[in-house]
Each structure stands twice: as C-alpha cells, then as structure tokens.
Amino acid sequence: MGNTVVLHKGGGKNLILSLNSRRFVLLKKIAGMRATKFLAIIAVLFSFTVVAGAGTLEDVKARGKLNCIISSGLAGFASPDGKGGWQGFDVDFCRAVAAAVLGSGDKVNFVPSTNRTRFAQLNAGEGDILFRNTTETLSRDADLKLTFLPINYYDGQGFLVPRDLGVTSATQLAGASVCVQVGTTTELNLADYFRFNKMDYEHLNTGTNAESIIMYESKRCNVYTTDASALASTRAALKKPSDHVILPEIISKEPLGGAVRHGDDRWADIGKWVVNALIIAEEMGITQKNVKELAKKPGNNPSMNRFLGTEGSMGEMLGLDKDWAVNAVSAVGNYGEIFERHLGFNTPLALPRGLNASWKSGGLLYAAPIR
Amino acid sequence: MTQKPEPMNEETKSAAENYAVIMRDVHKWYGKFHVLKNINLNVGVGEKIVVCGPSGSGKSTLIRCINRLEEHQQGEIIVEGIELSHDIKNIESIRREVGMVFQHFNLFPHLTVLENCTLAPIWVRKMPLAEANAVAMKYLERVKIPEQANKYPGQLSGGQQQRVAIARSLCMKPRILLFDEPTSALDPEMIKEVLDVMIQLASEGITMICVTHEMGFARTVGDRVIFMDNGEIIEENNPDDFFLNPQHERTKLFLSQILDH
Amino acid sequence: MDWLFLDAAFTGGSRDECSAKAGGACWAVIGERLNLFTYGFYPAAERWRVNLSFVLLIFTLIPILFEKVPYRKYALHIAVAFPFVTAWLLVGGLGLTPVETDQFGGFMLTLVIGITGIGFSLPIGILLALGRQSRLRAIQIFSIGFIEFIRGVPLITLLFVASTMLNYFLPPGVTFDLLLRVLIMVTLFASAYMAEVIRGGLQAIPKGQFEAADSMGLHYWSAMRLIVLPQAMKISIPGIVNTFIGLYKDTTLVIIIGLLDPLGIGRASLADTRWTGLSTEVYLFVAIFFFISCFGMARYSQHLENKLETEHKR
Ligand SMILES: Nc1ncnc2c1ncn2[C@@H]1O[C@H](COP(=O)(O)OP(=O)(O)OP(=O)(O)O)[C@@H](O)[C@H]1O
Ligand SMILES: N[C@@H](CCC(=O)N[C@@H](CS)C(=O)NCC(=O)O)C(=O)O
Ligand SMILES: [Mg+2]
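Residue numbers (the numbering used here), protein chains in the order written: chain E, 1 to 371; chain H, 1001 to 1261; chain F, 2001 to 2314.
Bear in mind the hints are in silico, worked out from the structure with no lab data behind them. Since the structure is predicted, the reported quantities are computational estimates derived from the model, not experimental observations. It cannot be assumed that every hint is accurate.
Ranges of calculated distance between the beta carbons of each label pair, as one might list FRET restraints [unchecked claim]:
1) E:N205 - F:V2080: 20 to 28 Å
2) F:T2157 - E:P248: 53 to 61 Å
3) F:V2080 - H:R1125: 23 to 31 Å
4) F:W2088 - E:N205: 40 to 48 Å
5) F:R2151 - E:R63: 34 to 42 Å
All C-beta atoms, glycine included, are put in the ideal place defined by N, C-alpha and C.
Using the sequences provided together with the hints, build the complete structure.
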C-alpha cells in the first residue's frame, strides 16, 4: 500500500516518504516490543542489585510479612472483602506461603498489580512472590528471568460473546472486534489464532479486567477473550450473566502458576513445596479442619507423618519450621478446599474441577512427593 | 563591550560633591544601533533639567541609564557620588535615591493607592508600617488626593494615577526625581493638575530631570533645557534662550513643529 | 431516578439479597464497603488517626481559603505544622503504632496524594517558572530541561519508574517508601505543568511593572513576591486550578504501582463474587466523589477570580 503511494509521488517527496517509512519501520519495531516486556527487561537488567541483598527468606522473616503480588481484582482469584482484607484463589496461595514461612496466614501484604506491570514489580522487589493468573511460558521463564512454581491452575483461552450475537463457535468470529488485555499471553494467542484461521479481526487493548468489562458491556467490543477461568469470573460479574455465553473452543494452553525472581533457589523451593503441599494434602485427605488434630497424634503413615512434620526433617531442609505444611493447610485448607471456596459450584463462577482435579480423579494435579 | 569601573580620580570626586548626576562620554548601543552617542551631562544638586527632542532621539534611554533601567556600555555615570557599575548593591543604593515617574504611571494594580505608596518604604527602607502610612498620607495630601488612599489604581482617572505615581516616588524621599513624559498619556484637562504638582515640587529643592515637551513647565521651572537628536545632545541652554533663540537648525525645526500644534 | 432511590436497596449482604428486595440500584455494596472506600486497608483500630487528620485538614484549609476568618494570621502560622503533624499521624512512629503506607487506599489515599501534590507543586512550579526566565544560564537551562522532560513523559511512566526503577539506583538495603516516591513523582509532574501555567501569567505582566519595581530599589525576590507574582498568579488561577484538578484525577493511576485509590477499590470490589455486576453503582459512587471535590475546586477558583476582579476593577 505504502509503495503505491511512493510510486505516484514526485522525486523529492518520494525521498521524504521513503525516509519516513524507514523510520516508521524502526518505530514499529520498538513499539512492537511490548511495554511489558520492555519494562520487565529493564527490570531484569538491574535485578542483580536486588538479589544481591540477603536471601528472600531472610528478608521476609526480618520483615515479618510476606509481600505477595496479586491481581487488582478478578472475581474468585483476588478481590478485597469489605473488612480491609483480600479473598480469592490466588490470595489463598499467598496466605499459605505466609503461614508456612511466618506461621500465620495473616502476615501478608498484598500488592495489587496489573498485567503490564506484574513482572517488573516482582523483579524490582516490590513483592517476594507472585500469584496472579500468570501463564508459564518459555520466554517469561528464560527471558524475563522468572522461576515458576508448580502449576496451580490448568487453564486455556476462550471467548465470551453476547448470546444475541448468535455465534456458537469461535470459527464464526471473522470480523469481530475483540477485547484483550495488554501484556498477556492471551493477546499473543489471539493474534496467532486469527492468523492461523485466516480471519480478520479488530482488537481493543485494555489494561485490566475491569476495563475489559466496561468495554464489553458498553459494546465497544463484541467479544472478550482471556483465560477461561477469568471468562467465567467475568461472566459472573456481568449485569445479566445468562445473556452471555462462553464459546466451546479453548485456543491455548494457559498453565497458571506462581512465580519468584531468578536467582534465589532456596526461596523458589519454598514456594514450590508449599504449592505441592496443598495439592498433596488433598490427596491424603488432610483438611483445614483435621490438620491440627492429625499433627497432634502422629499415626503410622510415614508420608503423612513427614507432611505433618512429626517424622523426618522436611521443614528444616527448606529452612522452615517443621510444621510448615500444617500451618499452610490450617491457614487456607487443601487445594480442593481452596478451589471449592473460590471457584467451585457454590460460587457464581461455578467452575468444574476438570483438568484441575487430582491425578487420582482423572485430573492433571500431580505433585512431587514430600520425601 | 562593558567596562570595568575605573577607580574615581580626584577630579571626579570633588565634582561629585557638587553634582547630583555626572555623565561622561556615555555611549550605548542596542545591538548595532548606537542609541546614545558621547553624552556629557552634569546635573547640579537641586537643578531642574528639561530634556526634549524628537521621538526616538534617545531621551528615555538617557534618563533610564541614570537609574540603570538601561545599561550603558561605555563612559561613566556617577549618581549622588556613586558610580554605576555591575555591582547590584551599588545599583540598589542608587535606585533608593532616585525616584522615577513613568509615562504610563506603572502603578501596581493589585495594591491600593496607599499600599502603592508604602511598599518601597516598608520593604526597601524598612520603615515601620505606621510611619510608612503617615509618610504616604503626607505625600498624598501634597498631590491633593488623600481621599483616594484606599482605592485601587484602576478606580482613578489618569491624572490622579500620575499624581499617585509621583507621591509613590516621593515616599522614598529621593534626592533625584526622573520624569519620562509624565503628561503625554493624559487628556489635556488632566495635564494641568499633574504639572501643578510638579511645579510645586520643583520649588522644594529636589533635583529633577524631566523629559517633557511642556514648554510652559520648562520655562517656569527649568534651569536648563537639553535638546537631543539621534542619540546626541545637540544643544543646551536656559529655557528662555532655548525657546526664543534656538541656535541649531534641528532645534529650530523641532521647535517650529511643536509650536505649530 | 426511580432506579437511583425509590427502587433501590440500601441493605443486604450480596447482590442477590439486594435484587430479592428491590429492582433498582443496590447501594448495599457501597454501605458494606464504605470503610474500604474511605480508608483503604488502613488498620481498623487506627482509623481515628485518619479521621483526626481530616479534621485537621479542614481547620487548616479554612483560614487558607477564606479571608474573613478570625485570627487568620495565627491560623496561617499554625498551618505550616499541618503536613508534619498529619504525616506523623498517618504513618505513625514516635509513640503511635506504625502503619505501612501500602495500607493506604481509597479516598484517604486520593486526599494524601492530591493535597501533597497541590501543596508542593505550586511553590516548585513558581520557582521553575521564574527559573525559566532567569538571566542565569545554568538555572534557565535546568528549568527548561526539567519542565520539558517531565512534560514529555506520561505520568504513568513516571509512576512506574518511581515504583520499580528507583530501587535499582538506590544502594541495596536502602528502602525508600513507595508512597513517598509516588508523592515525589506526582509533585514533580504537577510542578512542571504548574510552571508553564505560571509562566503564561508572568508573561502577561507588563514590563512597566518590573521597571517600577526596579526603579524603587526592590530586590528581585521582593519584587517577585510583592508585585509580579500576585498579579501573575491571579491571571493564572484558571490554569492552576485546572492543573490541580488534573493532578487530583490522575491519582487514579496509582493502581499501576499497586496502590488502590477509590476507583481501584471500586474495580477490585466488583471482583467480589457477592457483588459482581454492580458496576453502575460502584462507578457512580466514585464518580460522585470525584465530581464533588473537583466541582468544589472549580467553584472556589471562580469565587477567587470574582473576588480579585472586583478588587482591582479597571
Ligand atoms: N529595547 C530596545 N531595543 C532596541 N532598540 C530600542 C530599545 N528601546 C529603544 N530602542 C530604540 O532606541 C531609540 C531611542 O529610544 P528612546 O525610547 O530613548 O526614544 P525617545 O527619545 O524616548 O522617544 P519617544 O519620544 O518616542 O519616547 C529608538 O529608535 C528606539 O527604537
Ligand atoms: N494468563 C495470561 C492472562 C492473564 C490475565 O489476563 N489476567 C487477567 C484476567 S483475564 C487479570 O488478572 N485481570 C485482573 C486485572 O486486570 O487486574 C497471562 O499470564 O498473560
Ligand atoms: Mg521616550
């Protein structure tokens, strides 16, 4: 298109145009580097300064509080209650880590973040750990220098549309205008999907989920795409949820997990094993209710005893108290309890366990053993 | 182009005692434009000088050099025994002794008449408020508008405003007063009230340098008239001789023009 | 209208309970979260400190804003202590339980940022505006550089730099309170715009005013303070108030550094599964708050303009 314009112009103008277009390409290149990545890379470049301090574990213990980066409001995952606290699936993982490290699930400072700034905030040391609907990807792991904790939610990207649009499959979305959040994997998947299926679309970038809802409700876009779990949560947040449908296609893998900064393996281990412990607790039938009782009178199940800290020195190896796992579970319950409390059928999100069931019930949750 | 002030020689020192203002070989340029050329002027203590000349001849520039609103580039200017130099302390102490009345009054619109008059005494002379008010009222009476003291300048007529401006200058008890066409922005009926005040002032012994074309004023109070053209002092004489018997061709031409009107 | 009041439900524990009661708006969500909207995450036991600061604020503002207040002169002197007293009250220490500034939120956060920004950006803006016109090259270059740099960068970027990048330039172990960094950035940002507004005012002052001041022997600073600035400020009032309002509204950007202003609280609250779908109510509530305060500022500036207008009527 640009070329034809150049051809029709006179010599002098031609030069200007071509110069401009070259500069334009350069600009596009810079602009194409997404802000998230740009910011995060700058953050990474300097991150040794932060890491150079004492270990994160020591920092957290000295502070007496865990700084945990969460989303700034996504139903079921993180939202403030009326009493000055936060509630949600991600929030409970924060509390579990705090309980394991500091003995109490209340010793958390929650640091709300946006998609765009979350990694920079983590790398800048504004938080010790991040639990925020974050998809594990190669580039985030290697390039943005994050260490991912075990997946705590197996998700995939879907599409939400108004029922009266009459669309029943994502393949009918040609020409649609789609709301998508900047700085996310979903933004990239969306482009891939439409290109692969040779469909045109228009995309409207939003900064937060709340913004997407406003755009979607005011019909600035007629499709909203993000992680299916978040779609369920968004749908529940709409004025009349039954007027909207989530299309059957799941176009990507979105394994969501917590993350910490590169370079502090000890701290990464703690995050990793707290998540594992919550999953294992469900496998072993350890619940928020019975965990204290069980810990009081050790039984003859060795793996249960190792979990409860009544046998072996698992906590010590992590640099924690021996009842680290007990504290985590008594603070928030096991994985299944957390799921049901915030996402399950008794919540407006009504998400099925699906892939997020324990491997024993046909799901993908399969945590390495505490041994 | 600027020169370091030279130490005053003996001659200058003794002269400074008799003269309020000494200008010696003063030159000034605006960029390339030579606006003052070789000005030599001594103003005696208590002397009344009237400066006239065609528009653009450098009259304003001349008197504005005396209180350093404009900077000269060559020659020396000594005011009340202090040589004007780059030293801001020098400049400020000269300005304390030299009052100026402008063509467009330049009153401070956000202050009342009284506040206009007391501002400098309070902040420059560090006079207590009560005393400054008393002094201000004294001079407002002298210029015959004490009843306007609490109004804002915008509420006064042009003549009244110019009289306030004169009172404002007087409140600093200056030894020299500079006037730059104080009546030329006024309607004819107001010119007289301002001139009357100036004539009265003249009788009180203050040194006055006055750019004006008011011949009546010049003849009543002027000790000497200076005629400028093209940045030069062309002619100087006592008023009677100056007006009745001009020597220079350009002076004659100028006088014929202003007299015709 | 009916929706707003008549058909609205004012109590209830969730959206469902609301709709069971009435078909209109569900204000119960605001009721339940009023504390959250007001104090953010400030610990409940310490909220009296916020309240006290607010009362102090009102007592400080009255003599500053209105001329006909008894003992105004003394009140203005006492007002100087306000920032320090409030900072101590809100942050704690020296006998009070310390409160982390990341617990600040809601209206209180908006007020803290807004008032700090407004209070400090005006004097800094004046200095920058004067600096920009200064005859001293170094000062002039610094002022122009600063103003143009800040105006060339969006506030959101500055906030981001404040929240993350600054850490890297500080020696390890030195922490620098996040809110303080934001306050500094917001203030600098507003100062640059303020400087330009005031410069416009300065340029509108006739040369004769400077000359009259000079010819009286007034020092530069006295001339500025007594003659030039009062007039320049008067001319600039609409621009100044605009900058204030802009700054005040910009506080909603603090979300990107993990602080929640009323809008952030509102958005986050909508993510509570009990209250989802009530966006109209929540946004309306937040909008009303901002409207009232911005409208108040605009009205006050009008009042000020009128007053000054009659004072130096031409
Ligand atoms: N700031 C300036 N920069 C450049 N040129 C100037 C400046 N001020 C004055 N001039 C020029 O210098 C010359 C003398 O100006 P000046 O104001 O002294 O004249 P004047 O004799 O007072 O005239 P008038 O009777 O019109 O007031 C004029 O030609 C004017 O254009
Ligand atoms: N999993 C994807 C998408 C993450 C994402 O978009 N999260 C949204 C929900 S869909 C969110 O947390 N929104 C809350 C907010 O905007 O603060 C990623 O990691 O990039
Ligand atoms: Mg002139």
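How the hints compare with the structure:
1. E:N205 - F:V2080: 20 to 28 Å: violated (46 Å)
2. F:T2157 - E:P248: 53 to 61 Å: violated (41 Å)
3. F:V2080 - H:R1125: 23 to 31 Å: holds (29 Å)
4. F:W2088 - E:N205: 40 to 48 Å: Cβ of W2088 of chain F to Cβ of N205 of chain E: about 43 Å, so the range 40 to 48 Å holds.
5. F:R2151 - E:R63: 34 to 42 Å: holds (38 Å)
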